[in-house]
Amino acid sequence: MKSKTHAGNFFEDFYPGMVLTHATPRTITSGDQALYTALYGSRFAFSSSDEFARSLGFDRAPIDDFLAFHIVFGKTVADISLNAVANLGYAEGVFGVPLYPGDTVSTVSEVIGVKENSNGKTGVVYVRSTGRNQRGDMVLEYVRWVMVRKREVEAPAPEVTVPDLSGDVAAGSLSIPTELNLTEYDYALSGSAHRWGDYSVGERIAHVDGVTIEEAEHQMATRLYQNTAKVHFNQHTESQGRFGRRLIYGGHIISLARALSFNGMENAFKVAAINGGTHVAPTFAGDTIYAWSEVLEKIELPEREDVGALRVRLVAAKNNGCEDFPLKDSEGRYQENVVLDFDYTVLLPK
Amino acid sequence: MKSKTHAGNFFEDFYPGMVLTHATPRTITSGDQALYTALYGSRFAFSSSDEFARSLGFDRAPIDDFLAFHIVFGKTVADISLNAVANLGYAEGVFGVPLYPGDTVSTVSEVIGVKENSNGKTGVVYVRSTGRNQRGDMVLEYVRWVMVRKREVEAPAPEVTVPDLSGDVAAGSLSIPTELNLTEYDYALSGSAHRWGDYSVGERIAHVDGVTIEEAEHQMATRLYQNTAKVHFNQHTESQGRFGRRLIYGGHIISLARALSFNGMENAFKVAAINGGTHVAPTFAGDTIYAWSEVLEKIELPEREDVGALRVRLVAAKNNGCEDFPLKDSEGRYQENVVLDFDYTVLLPK
Amino acid sequence: MKSKTHAGNFFEDFYPGMVLTHATPRTITSGDQALYTALYGSRFAFSSSDEFARSLGFDRAPIDDFLAFHIVFGKTVADISLNAVANLGYAEGVFGVPLYPGDTVSTVSEVIGVKENSNGKTGVVYVRSTGRNQRGDMVLEYVRWVMVRKREVEAPAPEVTVPDLSGDVAAGSLSIPTELNLTEYDYALSGSAHRWGDYSVGERIAHVDGVTIEEAEHQMATRLYQNTAKVHFNQHTESQGRFGRRLIYGGHIISLARALSFNGMENAFKVAAINGGTHVAPTFAGDTIYAWSEVLEKIELPEREDVGALRVRLVAAKNNGCEDFPLKDSEGRYQENVVLDFDYTVLLPK
Numbered sequence: 001m002k003s004k005t006h007a008g009n010f011f012e013d014f015y016p017g018m019v020l021t022h023a024t025p026r027t028i029t030s031g032d033q034a035l036y037t038a039l040y041g042s043r044f045a046f047s048s049s050d051e052f053a054r055s056l057g058f059d060r061a062p063i064d065d066f067l068a069f070h071i072v073f074g075k076t077v078a079d080i081s082l083n084a085v086a087n088l089g090y091a092e093g094v095f096g097v098p099l100y101p102g103d104t105v106s107t108v109s110e111v112i113g114v115k116e117n118s119n120g121k122t123g124v125v126y127v128r129s130t131g132r133n134q135r136g137d138m139v140l141e142y143v144r145w146v147m148v149r150k151r152e153v154e155a156p157a158p159e160v161t162v163p164d165l166s167g168d169v170a171a172g173s174l175s176i177p178t179e180l181n182l183t184e185y186d187y188a189l190s191g192s193a194h195r196w197g198d199y200s201v202g203e204r205i206a207h208v209d210g211v212t213i214e215e216a217e218h219q220m221a222t223r224l225y226q227n228t229a230k231v232h233f234n235q236h237t238e239s240q241g242r243f244g245r246r247l248i249y250g251g252h253i254i255s256l257a258r259a260l261s262f263n264g265m266e267n268a269f270k271v272a273a274i275n276g277g278t279h280v281a282p283t284f285a286g287d288t289i290y291a292w293s294e295v296l297e298k299i300e301l302p303e304r305e306d307v308g309a310l311r312v313r314l315v316a317a318k319n320n321g322c323e324d325f326p327l328k329d330s331e332g333r334y335q336e337n338v339v340l341d342f343d344y345t346v347l348l349p350k
Numbered sequence: 001m002k003s004k005t006h007a008g009n010f011f012e013d014f015y016p017g018m019v020l021t022h023a024t025p026r027t028i029t030s031g032d033q034a035l036y037t038a039l040y041g042s043r044f045a046f047s048s049s050d051e052f053a054r055s056l057g058f059d060r061a062p063i064d065d066f067l068a069f070h071i072v073f074g075k076t077v078a079d080i081s082l083n084a085v086a087n088l089g090y091a092e093g094v095f096g097v098p099l100y101p102g103d104t105v106s107t108v109s110e111v112i113g114v115k116e117n118s119n120g121k122t123g124v125v126y127v128r129s130t131g132r133n134q135r136g137d138m139v140l141e142y143v144r145w146v147m148v149r150k151r152e153v154e155a156p157a158p159e160v161t162v163p164d165l166s167g168d169v170a171a172g173s174l175s176i177p178t179e180l181n182l183t184e185y186d187y188a189l190s191g192s193a194h195r196w197g198d199y200s201v202g203e204r205i206a207h208v209d210g211v212t213i214e215e216a217e218h219q220m221a222t223r224l225y226q227n228t229a230k231v232h233f234n235q236h237t238e239s240q241g242r243f244g245r246r247l248i249y250g251g252h253i254i255s256l257a258r259a260l261s262f263n264g265m266e267n268a269f270k271v272a273a274i275n276g277g278t279h280v281a282p283t284f285a286g287d288t289i290y291a292w293s294e295v296l297e298k299i300e301l302p303e304r305e306d307v308g309a310l311r312v313r314l315v316a317a318k319n320n321g322c323e324d325f326p327l328k329d330s331e332g333r334y335q336e337n338v339v340l341d342f343d344y345t346v347l348l349p350k
Numbered sequence: 001m002k003s004k005t006h007a008g009n010f011f012e013d014f015y016p017g018m019v020l021t022h023a024t025p026r027t028i029t030s031g032d033q034a035l036y037t038a039l040y041g042s043r044f045a046f047s048s049s050d051e052f053a054r055s056l057g058f059d060r061a062p063i064d065d066f067l068a069f070h071i072v073f074g075k076t077v078a079d080i081s082l083n084a085v086a087n088l089g090y091a092e093g094v095f096g097v098p099l100y101p102g103d104t105v106s107t108v109s110e111v112i113g114v115k116e117n118s119n120g121k122t123g124v125v126y127v128r129s130t131g132r133n134q135r136g137d138m139v140l141e142y143v144r145w146v147m148v149r150k151r152e153v154e155a156p157a158p159e160v161t162v163p164d165l166s167g168d169v170a171a172g173s174l175s176i177p178t179e180l181n182l183t184e185y186d187y188a189l190s191g192s193a194h195r196w197g198d199y200s201v202g203e204r205i206a207h208v209d210g211v212t213i214e215e216a217e218h219q220m221a222t223r224l225y226q227n228t229a230k231v232h233f234n235q236h237t238e239s240q241g242r243f244g245r246r247l248i249y250g251g252h253i254i255s256l257a258r259a260l261s262f263n264g265m266e267n268a269f270k271v272a273a274i275n276g277g278t279h280v281a282p283t284f285a286g287d288t289i290y291a292w293s294e295v296l297e298k299i300e301l302p303e304r305e306d307v308g309a310l311r312v313r314l315v316a317a318k319n320n321g322c323e324d325f326p327l328k329d330s331e332g333r334y335q336e337n338v339v340l341d342f343d344y345t346v347l348l349p350k
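Residue numbers (the numbering used here), protein chains in the order written: chain F, 1 to 350; chain S, 1 to 350; chain P, 1 to 350.
Just to be clear, a hint being listed does not mean it is correct.
One copy or two, it doesn't matter: identical chains are merged, so the pair holds either way.
No more than 20 Å apart at the CA atoms, straight line, and that leaves these computed lysine-lysine pairs for PhoX-like [stated by the list, open to error]:
(1) K4 with K230
(2) K4 with K350
(3) K328 with K230
(4) K115 with K4
(5) K350 with K328
(6) K121 with K150
(7) K298 with K121
(8) K4 with K298
Please keep in mind that the hints were generated in silico from the structure rather than gathered at the bench. Since we're looking at a predicted model, the values are computed, not measured.
Bound-form chain F, shown alone (with noise of 0.2 Å):
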C-alpha cells in the first residue's frame, strides 16, 4: 500500500509552469490578531483600534500585515519547502487588499523558476505565490526562492530557468487602499508626529529595545500559521542536527523587528510593499533581537497628495544593540550578530 503520509515535494519534482494549490484554507479570526499582539508587542494605531482604522476610511481595523503575510506563507511550506536546506529570499512582494477578521485566505504558488546546484544534491527552486480572500481578491502576492533536496541525485538536472526579478516593487505598482483617507488621522493617537515628509533618505533609525525569544513564543508564532516546518518544532531531532537545536521561523523575526521598528517610525502604519529579504543567520530560543532601520527611498504615490511611501531597510541582530547600526564588515560579509536584513516599503502620512 502506497504511503498516505506526505513527504513534500523534492527538487526533481518542481518545473517552471507548475502550479500548486495549497491545502488548508484558513479564516482569520481577532483571536489571530490577539495573539499577534501578545507574540510580538505590535503599537501601530491602525491594526489595533477599530475607530482609528474608521478614522481612515475603513470599516474596521484589518489584522497586522505580517500576520497576513505569515498566513499566506504558511499554507506554502508543505508542498515547497519541507525538503529545503535554505530559504534564500524574496522579491516583488505586494500587499493588496487588507484581511479582516472573517476573511478566509487560500494560497496557491507557481514555480517560475528551477536551477540545480554544481553539487548535484540540491536545487533553487523560485516560486510566486499568491494569497487570496474568499473573494478572490489578491491580499499578498510575492516571489520567494528556496534551496531543496533531491529527492535522488541522479535525477538529471533539468534546464535552468531563473526568473528576471525587480529589485523592489515600483511606485505604481503599490496597492493603496482606495478607502484611505488621511484627513483625519490623530498623531497623539498614533504615538508621534513625524510624517513622510520628516524622513530623509539615507537616515538611520536605532530601535532601541530588545526582546528575548523563548520556544514556546515561537513555537505558537510557527503553529499559528500553521506552518509545518520540522526544524522549528522537534528537539529530539534538532539536538541531533547542525545547530543542536530548534531553529526559529525567520518571519518571527521580521515580525519582532517590524513591532520594534514602532519606536521610531509610528506612522508607518501599513506595509505595501517586500522588495527584498535574506534571514543572514538563524535565531534560537533565548536570543535578544534588536532591530534598525535606514530610509532607501522616499517615494511620492501617484495621485496622492495625502500618503507617501518610504522604502526601508529594516535590519535585525541578535544580543547585539543597534545603536551602532550593525550590517556587514570592511570586506561586505554581514556582521556576526546580524540576523535580518530585510527591504521593505511602508505608508505614512504626508
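Given chain F's structure and the hints, the job is docking chains S and P onto it.
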C-alpha cells in the same frame, strides 16, 4: 467558621446516581480556536476555514472537536478528579452537535459506578459527563473513570457498582450532522485525495513529525480549558512530588497526536466518537511527541452514501519516532516510550 | 537630525496639570479574553459565559476587570514609567462601565503631583489615568505614583505637590452597572453558595493553589497589554542588571492572585474598586505564586438590596504556601516571600 475553599470530593463522597452540575459555563470564541491552533497547529480544513465548512453545508467552521472535549472535560476536574491519583480510562464518548464560536457550554456529570480498592485508601469512580450548549443540545457525552483518594481510610467501603460499558460506540449511535453535504468537498484544499475507501483495516500510518512540549504551552492550554488540576501548574510542590516536575494534562497529548495525524489522515475531518483511551505514561515539558495510527474498523454509516467512519487507534510516543509503530512488548506491556493509546472514530468522505 | 525614537519622559518633564494623551487605542476582542483565560485560568462565570452574564441583565459577558486594567495601564507606560525605578502604589481606582469585546479603549493621564527625592537623582510622579471606551464612557480611573529618574541631576527640583489621596473608594463612588439584576444568579454554575452575607470582617481565606510562572507567559501577557517596559523583555540587558533576570510585570501577579482567589471567593463576580496596592517584591520566571485574602470591610451599597461589596486585602506570596497567611513580621516589615499587598473592592450577590 467553615472553610470557604473547595478541597474537591473524595472517594466516599461519590455514590451511584449522584449528579454534579459543574461550575463555570464557558462561551467559546474564535479566540479559543486561535489559541488551539497556536498550541497544536491543527490543519484540518473543516475547523480552519469558514468557507470550507460552508462548502460542506455548515454556516461556519465549528471549533476543533478536541477543543470541545477539553472544555467539557475541564469543568469536571474541580468536582471529580481534584483528589484523583490517576485518570484510568474513557469509554462511550459521542460527539453531538458541533460547537461554534458564540456557543456556551456547561457540563453535568452523573456518577455511574464506585468500587473501593483493596488497599482501602482509594477507589474507582465512574462518571458519565455530558456537555451541552446554551440550547441544551448535547455537544459531547463520555464516561471516564478515575482513581480517587479517600478522605478517611476508615470510611466504610460502598457497595460495588461497576457500569457495563461498551468497548466501542456503535455506528447507529454516531451523530452525523444533518447539514453535512460532501458533494463539494475540495480534496486540494483539504490536503489529500485519500478518501474512506482508500484506507484498509490493519493499515498503519506513522505521522512523521515530532513536537517538543514547553511548560508555557501546556499550562496555557490547560488553563484555557479551565482545568484546575494542581499537578499541571505548581513546580513548587511538584518538585517534591513523585516526578519532581509538573505533569502535562493528558488531553494535551491527545490534541498533539490528533494534529500530527493530519499527515496521513487529512480527510478525517470530524471526530465522531471516543471508544476508549489510556494515558499510558506521564509526559513532561521537554518531551517530544510522535504519533501513529492504525485503522481498526471500517464503518458504513446508515443511510449515508457520501461519508464513512473509521475506527482508529491513535498512539503517541515520546522521544521515539513512530516509524516502527511502538505499542506493546511480547508480554503485552506497553513499551517504555508509549504515552497514549487512544481509540476513536473519525468521519471521512467516501 | 533630531532623534525620532522615544526615550520616555524623565522626572523634570512632568508638572502638575500636565495632560498626556497616550498612544495606541486598542479594540478589545474575544481573542484578548481567550488569551487572558489561558494566561490565568480565571473561572468567574460572569466573564466566562455570555449566558451567565445575560442572566444577570447584561447583553453578553464583559471582559475580565483586570484585563481592562492592564490594557488601560499598558498605554501609560511609554509616557510615564519608561524611566521609572519603581512603581510605588495605586489609589482611588474605580471601575466604570464594563468593557465588551468590540469596545475600543484609550487612556489619558493627568499629572497630579511631583516630589523630588532628597538624593536629587529621582522623584516621585503622581498621575491620575482614565481609560475610556469609544463612546467616552469611563471604564477605569486610578491614581498611581512612580519613582522616575531625572534626565539631568542638575535640573532644579520642582515645587513639591503631593495629592491628598483617599485610602479607599467610598461606597457612594462605586459604579454598580445599572443593568445588574441578581434575581436569577445561579450558585451551581458560579461554583459556590457563599454570598455576601456569608463573609465576615477579619475572615481570612487561603486560596489553596500555587501557579508557577514561565518567561513566555509573562512576556505574552505584558505584550498583550502593549506595555513596553524594557525590564520585562530583554534578558540580554537584564542579565547585566540588578537581578540578572527579566522582571515580571506586577500586574501579572495581580491577575494570578485574582484567579487563584476564585477558590473561596467564587461569587466575587466583579471588581468595583482598587483602594490601594503595593508590589512588595519582584517576581521572576520560575516563581510559584500563592494567594490569600482577608475581608477588611463589608460595604452596603446605596439603594441595592441584592448586591453588596467587600473590601478585601489580596496578598500574594511566592514559593510559599499561604495556609499561614504570610504578610508582615513583628516589626511591620513584609515577610520575605510576600510579593503583593493589594486592597480592592469586589461585588457579591446578597
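For each hint, the structure was consulted:
1. K4 with K230: Result: close within a single copy only, 18 Å intra versus 40 Å inter.
2. K4 with K350: Answer is between: at 16 Å across copies they meet the 20 Å cutoff, but 55 Å inside does not.
3. K328 with K230: Neither. Shortest intra-copy (30 Å) and inter-copy (28 Å) distances fail the 20 Å Cα cut-off.
4. K115 with K4: Neither. Shortest intra-copy (29 Å) and inter-copy (44 Å) distances fail the 20 Å Cα cut-off.
5. K350 with K328: neither (32 Å within a copy, 58 Å between copies)
6. K121 with K150: For K121 and K150, the Cα distance is within 20 Å only inside one copy (6 Å; across copies 61 Å).
7. K298 with K121: Intra 43 Å, inter 42 Å, cutoff 20 Å: neither.
8. K4 with K298: between (52 Å within a copy, 17 Å between copies)
Hints 3, 4, 5, 7, counting from the list given before, are not met by this structure.
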